[in-house]
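Asks: With chain A fixed as given, assemble chain B onto it according to the hints.
Taken in order, these protein sequences are the chains called A and B.
Numbers 1 to 433, taken from the working numbering, label the letters of the first sequence in order.
Numbers 1 to 433, taken from the working numbering, label the letters of the second sequence in order.
Note that these hints are calculated values from the structure, not bench results.
Mixed in with the good hints, there may be bad ones.
When chains are identical, the list treats them as one kind, so a pair holds in a single copy or across two.
What the hints assert, rightly or not - Below, computed lysine-lysine pairings styled on DSS-like, alpha-carbon distance capped at 30 Å:
{"#": "1", "residue 1": "Lys20", "residue 2": "Lys152"}
{"#": "2", "residue 1": "Lys429", "residue 2": "Lys402"}
{"#": "3", "residue 1": "Lys198", "residue 2": "Lys20"}
{"#": "4", "residue 1": "Lys191", "residue 2": "Lys222"}
{"#": "5", "residue 1": "Lys10", "residue 2": "Lys56"}
{"#": "6", "residue 1": "Lys56", "residue 2": "Lys261"}
{"#": "7", "residue 1": "Lys164", "residue 2": "Lys429"}
{"#": "8", "residue 1": "Lys340", "residue 2": "Lys431"}
{"#": "9", "residue 1": "Lys429", "residue 2": "Lys340"}
{"#": "10", "residue 1": "Lys10", "residue 2": "Lys429"}
{"#": "11", "residue 1": "Lys196", "residue 2": "Lys377"}
Values in this document were obtained by computation on a predicted structure and should not be read as measured data.
Number of protein chains: 2
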Amino acid sequence: MSALSSQAYKGTRDYYPEDKRVQNYIFAVWRSIAEQYGYEEYGAPTLEPLDIYAAKSGQELANEQTYSFTDRGGRVVAIRPEMTPSVSRMVAARRQELPYPARLYSIANFMRYERPQRGREREFWQLNVDIFGVDDIAAEAEIITMSDAVLKAFGAKDDDFVIKINNRKLINFMMAQYLGLDAVGAQLMVKLFDRKDKISPVDFHDQAREILADDAEEGLQKVDLLLDAKSMADLPAEIRNSSSVVEVQELFTLLERAGVKSAVFDITLMRGLDYYTGTVFEVYDTRPENTRALFGGGRYDGLVGLFGAEPISAVGVAPGGTAIENFLEVHKLVPELVSKTDIYIVVLGDAKRSASKLARDLRDQGVNVELDITDRKLDKQIKTATKKKIPYMLFIGDDEVKTEVYTIKDAFTTTEQKLNFASIVSLIKSKRR
Amino acid sequence: MSALSSQAYKGTRDYYPEDKRVQNYIFAVWRSIAEQYGYEEYGAPTLEPLDIYAAKSGQELANEQTYSFTDRGGRVVAIRPEMTPSVSRMVAARRQELPYPARLYSIANFMRYERPQRGREREFWQLNVDIFGVDDIAAEAEIITMSDAVLKAFGAKDDDFVIKINNRKLINFMMAQYLGLDAVGAQLMVKLFDRKDKISPVDFHDQAREILADDAEEGLQKVDLLLDAKSMADLPAEIRNSSSVVEVQELFTLLERAGVKSAVFDITLMRGLDYYTGTVFEVYDTRPENTRALFGGGRYDGLVGLFGAEPISAVGVAPGGTAIENFLEVHKLVPELVSKTDIYIVVLGDAKRSASKLARDLRDQGVNVELDITDRKLDKQIKTATKKKIPYMLFIGDDEVKTEVYTIKDAFTTTEQKLNFASIVSLIKSKRR
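Next comes chain A alone, as it looks inside the complex:
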């Protein structure tokens, strides 16, 4: 038999301890912000019936990007490509019992069959934060404030990112009333706006002209006006006076009060998924290395109702691990991360049995101890400890067994000191926050 490949499946990643430390750091920051705002963690299955995505996630995601298959019992299922349908299903299943507003978060993995590229992997991790049961712009304000807080908690500054905000109701008004498009034309134009940063201005105009058909020239002028608008004041009066603008303005007032400085209105922001019904937003890195949206979210009031329950309003956001990691790298915000192991015990001579007992006693005191059980030479044991980036080495040989005083070496400063058991425990505890 020929050897099996040792490579990870295409578009997925193996997280070795040094990679996992970074991921765990990202998860810990996500978790701290979600919990600071009173969100509670939930979990959902990896597999879902495919039709929950077909319903509202959009054709591209459901038909082209899912890992879907028929299980051994004939059910057509998909590895979840996103969390929103799952959490909506869960809320629908306990529509009556849950306390509202329900504030829920999860940290989970997802799969999409896309071409792997920078910031995009076939398997990826996301924080999903959702609030159910608040039919008021205060919900959007909270979710967007949290999005801002997450990036700040990683050490980002206000000008490192921008939060672009729009509203589906405003988009609908713009497409139907302002541009005079029918339902099909409106949908095509939304998709075109959604792709506008990925195609050339010439292509954009050509495709817009095709959608506008009869009134192409007047329509194109109107489209250009929208594209050029830098703020709400630049918009044509017709849009500025539409009723949905009120809730957009209220949102900006709440965000300002909450100290969010990176939010801007952007009439051209569409956000791909079909289930959004009100506010939509996307967060962008201001540095040119990351051109795609870091993450986004919005209001999706109709989704819970698809599962046979009375509809309930919902707003959510979902930052992804890979995009955040790229953001941190570009902005040099990845902290120095060391092993969670405190001490590596290097064993000399016949001290094996005593070393084992020492390790046990230290662990009982809450110290994380790796014990060398290999009977190797001193230099090999030291090499292992160094390679693992463990902060301290403890040396134990016949002398130390007698005196119960051990040599402790700081792996980074290389300074050594001789300490007894109690002092070792104190040293380690003092080094932790």
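Replies: Just chain B, lined up with the frame of chain A:
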């Protein structure tokens, strides 16, 4: 369109906040023990090529229980049904660079297409703990000691569980030399022993007779001798004197020194997976409610070598979340778990804006605060806070805005006190460990 089902996919579970708290408690205990012993966390992809299971996991697992399918690029893949092949693949991919002994752990989800029943779900979570590069029984001693430590950390006592230990080399000797079976017969007998607790003694004997064929009666007597052996001393001299017994005895010496009191030798323990090469063990609940093994592990020295790398010795164990949860329930070891949210702010009158600022200031001090943003009546807000099991409610109305002294109510004792900002922060910090 008819409504979508709100049920989770068959054999999988939705973890609502109260379920997720229990799971997180289990994960936290797992993590603390793994890290106390100096193991570092890694992560692996959800999907793997199917053939990594076909190689060594055993036919039943690979052919009948995997969630396998062909991806959009024509690759035959499976949702991982276990972690051992993945972590072995990862070690093989960095065979030269990794520091040894490599001590690795992960907490991850897996899927197997099995009939769902008590303690067994189609999607389940496992702690996987593996040590690579120690060709000595000290590795088994460490892994089994950790298995014991995990159950103790949950509050289990020595007589709540038993760790049954056997050795594949001894099993091979028993099948080939003692029972005189050829390779095919030996494999059938191993599978039969593996099923012995699931079938009746009569069925066991009938099937054993069939495998033994010619020498059935003499063979059956020998088999009965093995089944009746309560300790190593009861075994026939032929087995007791075989060379593999030495390492079994050494293992028991090391376990005794490490304070493991629940370990017993069991010549009838087989452990299903094909990749084990030496020590095998399984942990059983001593209470009759849980008859299946809680979890198990063993030595699998050949697996890394399948991935084109030089072989490296390995020992691992993998406790599962569902089995542990059942164990904790039966032994009444699930602790009282409350929300991670510290305070629910109940907002009265026109205090909305001040309440929002107060929430922000408390969060800046590390307090987890859920703010009511619903403009609902007092009783409805209190009901939500109570249902969520949040330890404290804070009431803010016009008076509190003026005085900056707030009413804090302990949700469990229902005692109230009036506190200023600093005192609230102190109160919350003092309640946390």
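Asks: Are the hints correct? Go through all of them and say.
Replies: To see whether the hints hold, each was checked on the structure:
Taking the shortest alpha-carbon separations for lysine 20 and lysine 152, both the intra-copy value of 22 Å and the inter-copy value of 27 Å come in at or below 30 Å. In this assembly of identical chains, lysine 429 and lysine 402 lie within 30 Å of each other by CA distance solely inside one copy; the values are 25 Å within and 43 Å between copies. Taking CA atoms no more than 30 Å apart as the test, lysine 198 paired with lysine 20 passes in neither setting, with 32 Å inside one copy and 40 Å between copies. In this assembly of identical chains, the alpha carbons of lysine 191 and lysine 222 lie at most 30 Å apart only when taken from the same copy (17 Å versus 75 Å across copies).
Taking the shortest alpha-carbon separations for lysine 10 and lysine 56, both the intra-copy value of 28 Å and the inter-copy value of 22 Å come in at or below 30 Å. Taking CA atoms no more than 30 Å apart as the test, lysine 56 paired with lysine 261 passes in neither setting, with 32 Å inside one copy and 56 Å between copies. Within a single copy, lysine 164 and lysine 429 get their C-alpha atoms no closer than 44 Å, and across copies no closer than 37 Å, so neither meets the 30 Å cut-off. For the identical chains of this complex, lysine 340 and lysine 431 are neighbours both inside a copy (12 Å) and across copies (26 Å), given an alpha-carbon limit of 30 Å.
Taking the shortest alpha-carbon separations for lysine 429 and lysine 340, both the intra-copy value of 13 Å and the inter-copy value of 25 Å come in at or below 30 Å. With identical chains, the CA atoms of lysine 10 and lysine 429 are never at most 30 Å apart, being 43 Å at best within one copy and 46 Å at best between copies. In this assembly of identical chains, the alpha carbons of lysine 196 and lysine 377 never lie at most 30 Å apart, being 63 Å within a copy and 46 Å across copies at closest.
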